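A.B. asks: Chains as they are written, first to last, in the numbering used here: chain L, 1 to 1013; chain X, 1 to 519.
These are computed hints drawn from the structure, not numbers from a lab. All of these numbers come straight from a predicted model, not from anything done at the bench. Keep in mind that the hints are not guaranteed to be accurate.
Claimed, not checked - Example chain X residues on the side facing chain L (calculated, C-beta under 7 angstroms, incomplete):
{"#": "1", "residue": "N33"}
{"#": "2", "residue": "P36"}
{"#": "3", "residue": "P39"}
{"#": "4", "residue": "S166"}
{"#": "5", "residue": "Y240"}
{"#": "6", "residue": "T243"}
{"#": "7", "residue": "E246"}
{"#": "8", "residue": "T319"}
{"#": "9", "residue": "A321"}
{"#": "10", "residue": "S395"}
C-beta: ideal position from N, C-alpha, C; glycine also.
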Amino acid sequence: MNYFKTKVNFLVLLFLFSLPMVSLAQTTITGAVTDRNGLPLAGASVVVQGTTKVTMADIDGKFSLTGVEPGQVAFISFVGYITKAITIGNEITYDVVLDEETATLDEVVVTALGIKRAEKALSYNVQKLNNEALTTVKDASFMNALAGKVAGVNISSSSAGPGSSVKIVMRGLKSIQKDNNAMYVIDGIPMFNTSFGSGGDNHPYTDYVGSDAAADLNAEDIESITVLTGPSAAALYGSEAANGVVLITTKKGLAGRTVVTASNSTTFSSPFVMPEFQNKYGNNIGETGSWGAPQSLYSYDPTKFFNTGTTIVNAITLSTGTEKSQSYLSFAGTNAHGILPTNEYDRYNFAYRNTTSFLNDKLVLDVSANYILQKDVNMVADGLYHNPLPAVYLFPRGENFDEVRTYERYDELLETTTQYWPYGTGGLELQNPYWTQYKMTHETNKKRYMLSAGLQYNVTNWLNVVGRAKVDNANFVITDKRYAGTLPTLAGPNGFFSKNNRLETQTYADIIANINKDFTDFNVNANIGASIKDLRMDSEKQVGNLNYINLFTTENMIRPSGYKNDADGYIEQTQSIFANVEVGYKSMLYLTVTGRNDWDSALAFSKSTSFFYPSVGLSGVISEMVKLPEQISFLKLRASYSSVGTSFGRYMTQFFYTYNEQTNSYDAPKIYPSYDLKPELTNSWELGLNVRLFKGMVNMDATWYHSNTLNQTFKASLSAGSGYESVYVQSGDVRNMGIELALGFNNMWGNFGWASNVTFTWNDNRVNRLANDILSPIDGTPIEMPTTMEKARLGDTGGPLIMLSEGGTMGDLYIDRALKRDEYGNVYINEITGLPQMEIIEAKKIGTTLAKSTMGWQNTFSWNGIDLSVLVSARFGGYVVSGTQAILDRYGVSANSVKVREKGVSSNGVAIDPKGWFGVIAQGTGMGAHYVYDATNIRLQEVSLGYTIPRKWLGDVANVTVSLVGRNLLMLYSKAPFDPELSASTTETYYAGVDYFMLPSLRNIGFTIKLQF
Amino acid sequence: MMKQYNFMTLQWTCIAIVLLLLVACTGAFEDYNSHPYNPRSKDLTPSATVGGLFEKMMYQMHHHQENDSQMVDQMVGDQYGGYFVTPTMWGGNNFSTYNQADNWNEIPFTTPFPYLYSNWLAIAEISEGRGYIYAWANIIRVAAMVRVTDTYGPMPYSQVGGGKLSVAYDSEEDAYKNMIADLTNSVNVLEAFWASNSGATLPIAQYDIVYHGNFGQWVKFANSLKLRLAIRISNVAPEYAKTIGEEAVAAGVFTSNSDNAVLPSTDNPYRKAAADWGDLRFSADIASYMTGYSDPRLPFYATTASGGGYRGVRMGVNTTAESKAEYAGFSQPNFTYASPMLVMNAAEVAFLKAEGALRGWNMGGTEQALYEQGITLSMSQYGITGTAVTTYLNSTAQPAAYTGLTAETNHAAMSAITVKWDNAAPNEQKLERIITQKWIANYTLGFEAWSEYRRTGYPKLLPTVSNLSGGTVDSDRGARRLRFPISEYNRNSTNVQAAVQMIGGQDLPSVDLWWAKKN
């Protein structure tokens, strides 16, 4: 949105036209207008002060102006660039280089509703990333490239490989019941980031996972990303913004020149952190576990099961335009093969955007269209049923793995091939891992289009009105085919098929009046508007075993037994009015007040019909107020308070019957009918400091924040005698307090440049109040609630638990099993079995899963077009849990099991059988604290090397940029047997950092070639 | 200037219009916030509303939902009652080894309560607590809740409802007396209703999945259930039990298999757990008795084992990851997906009467006649008639010894009881004979089997192979009850503490229930 600049130019022109004409000795001047890279700026305007002389640069940036006189001043301006004034002297040729607007200290950032604001006016923290941070070497999901580069943000990538969803949590976990993921806003329009089929929360029975709406975006189309970590920054985006916002600005066409870019980005992936295995001991015949005698028959390396993953992104962009109309066109194809055989992710993005101004620039029309075709196959994050890794990792070491590579054999009775796997299910539903990949096929096909139009009317030079509308519709077809021969738990004897048709639609529209008026010492900048957001989903799913063998159609499903039909859907609409008023005093003190009122359809049938939430912020540019030492170029202090309301979930306010697919009838709700609910509220404070020293050579942004999330809606479990399972109650207060720090240094020494940036995040999460002291909505008597609330069992019975209690964190890790000890504190040995015993103990807190702090340190060196960047990231504190390690130990396939076997384990001098020992401590997914690990880790997150070949070397045909990137290159420090930053579920709050045969995280190495014509 | 002003007015008018539209637009919100596929009460006719609720309640008499069936009937009732065994290890904390985790231990309580009462409370509200609908609902309530009190002991019963979120427990005696009183009331109301409506086609009939609107049959069911309850407390409240038992029989109980209460199924959970999941096998107990007797019902009860013959699995073998696979080839319950779920049959009623007669109650027949009637009814339920039945009635075969996978699981037969009635035998032997045959006839009514085992000590059942209870359960007597749910301690602590006092102050699985003092 460059309309401020346009308007300024317009004003300048008006002003110039109004001056009286003066006649003097006249000459002709010529020249060329270029940018810093020497690219011509076609369409740049050249205006001679005090005259009607005006011209425009041609396609090569060249201009010529006759009848000018020495001493006159010419203004050369271009959209997005700083206007330059030249005084005409005796020369005839003037080559003018314009600087881009953003290159100044007075940075402009995109804020709420796509409006550009001077950074100094903002009372909250914003962090900006340019396109290069995303496209140096592309990840199939662009958000993964942000890891370690912004403060206050925790990015966990999914273990499901390329294209899978990414979990973004800003400033700590806030909501106990709702998901805590940040919101996405594209060109000022919110995008509801839908994802479904997420892993992690129901392991070991987790289903396949899917991609998410944000992963669909083509990184090449993104101009820049602004991250607003706090809710105060986002009061204008509505409820979801309480969790922070990722603001995406997409590319527009460029005025006056045509630029074509073509790029190829190729990335190779391999497992990064793998468990340590053993190959020394084989199995006893007929046993799955490898607890037999030493073997030397087979050397088996589970890592060999993985392929080298490849992600290839080809993109072409075309941008062209005149001063009045600019167009942008792009195409990108992303083809990725994961490290698991048959796992793939393919995406094709088509984008078009046009910005045109009419009626003397009074009317600006911005239209865009996007079409996305996406397909993914066998995207698995963790679990047993659809995951080949349990069989790969646990394969009995005395057996020949090559035998099972031929995963199917002909079965004469079935007249078809069927699974070959002579090793049994091993108690873990093991199947031939190749069968799992080749004969159980889960495929998602998505067709998505986004259309948007915005019309801006510049009413006066200080008022404009913008109306925008966007539709974003996605159609999914998700199929799941399992061939005959699949484990009976997962498919009938003739196979299994499931088909789901899902339609998601999002519609957003708003109208905003923008006022920007200067008074003598004051500037008023106000936006007043109204918006409507409408989300709809409709899904129809059929699941069943097959009648004819391996004929995958819905008609061929056996009915009624085992056949399920599931229809689901929703409509959620929010209508809002909002206002944002910023008053600036002499460009040094800014006061911002915002307010928003939401009418949310989820509130229907409750007593509240709408909710209001305000914010107030103050920003003072100290460097403008007082004379500071010369070294301090810029100093700003800011403070803000904001309140963000969130509606409770839909359908919570009335009684309805739910379909039960098993009984084929409608169930009465087992939730106590109590419908007087209030919206959830996050109140937060933030204080910040922005400093630029030595003309911007050193800069620091520091923010302290403090937020309380209140009125959380809990499903409080009821005593069974009430006749109901639960009742909705509202209580709770979760406090997050923390620091975000970004410290940067950059300088040029001749051709050599060095930039060093550190981001640091510290967050302290505390549950101040849980759902206690709640009165029954019916009779006013207190509802008895446990003082601790069990949120999750991170594995099987006996594994660690996440429990919430007042004064604790939202990730408190408890254990309720421990080795029984005798009166001397030695591990008790049962006389009969000769083994120790686990006993049930009262739940005991051992720590938290939440990180204390995270850090990123990026160093960029540039020299003659060569850029080298090294990013190290670190996380401190918190625990993770590995069920994988427990199972590997129990089955005797881990290096650890060999260590114990060879070194022995004993208590008070009594030797314990190693197999029996693991049978006790590694029961289920590991007992108590035995498989809990410190999550602290430091890694070489990213190294990139880029080189731009000088244009003239290539005969002035194109700019060629070549870059190499490696991500997750080296784990410098980690005590966990898996990558602690990896997450199987990106939507679940409590299962982060739990490994249950999660796919390993990936080490990616790739290159990009980009040609710009 | 004037022009600008006009523009301003225009803009503000536009905004004002939009705002007004917005406020006016929220009218559709109630539709939006209603689930597109899940109906509200207003979307359904009164009969459909109430009818749907009945269906759900009825399946609480014998769980049909696959997970509920597995966690409640299969793991607890059927396993402790000697019908089925779960060969799967899961996390290693199982009912079969008496070390079930807290969150499993509570499921037989926390499943039926909300599933039954969320529906029952809605019916109570709609019917205003009277009329045939309410009377009908109360019969189902008793049939479902007696399973809970027989599992845990005291339970919330008479105090449930009225918006109370923490409900006090009835002692076992009170619960039984209240349930019996509810059955009597229901019988009275339904008899009167049916007397004047027996020919009518009621709209509710399509939702009555058991008797299809024939309330005369529901009266018979209520009386039969009352007899079952009376027999259960016959040792501890002999006089009261006799009165109730005789009253029930006089009012009309099941006499033929066409009276049987069964729930229809299209997705039989026993079939699913056994054949699809491999998580359920025929028990060594019932296999031992039936193979020993060469029982002609065996092929209807179980599939043959992979090596031929009928082989059951002993409880408590599921302590290794391999056990599920090892026992895969053993006998399974022989059901199809469409096999119905038994709630009560005429054979059981005959056996109940036989025991009543043994106790000197007026049951309208002799012990022997009623005993043999029970066997004959059970046989004919599976289409077995004629000489096969006569041969069986005269059989003096004894239960077979158990041969398992390993020598450690082998076990001698637990009892030498035969089929043939012996009028000269002592009462205790007669009782064992009646209960053993009732147990075979009641196949898949696991809770009934476990309760009667605790009350009478019959049929004699094999001890678990591995008792991991840490001494809280005696292997020979088995679990006598389940501990109260952990969730009750968390959410209803005062009342559950009071309930613990009712059973003697110790919430242990070794505590005998009120009526279960024997064996």
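A.B. asks: For each hint, tell me whether it holds in the structure or not.
C.D. replies: Consistency of the hints with the structure:
no.	hint	in the structure
1	N33	holds, 4 angstroms
2	P36	holds, 4 angstroms
3	P39	holds, 5 angstroms
4	S166	holds, 5 angstroms
5	Y240	violated, 26 angstroms
6	T243	violated, 30 angstroms
7	E246	violated, 33 angstroms
8	T319	violated, 10 angstroms
9	A321	holds, 3 angstroms
10	S395	violated, 37 angstroms
Against the hints set out earlier in the document, violations occur for numbers 5, 6, 7, 8 and 10.
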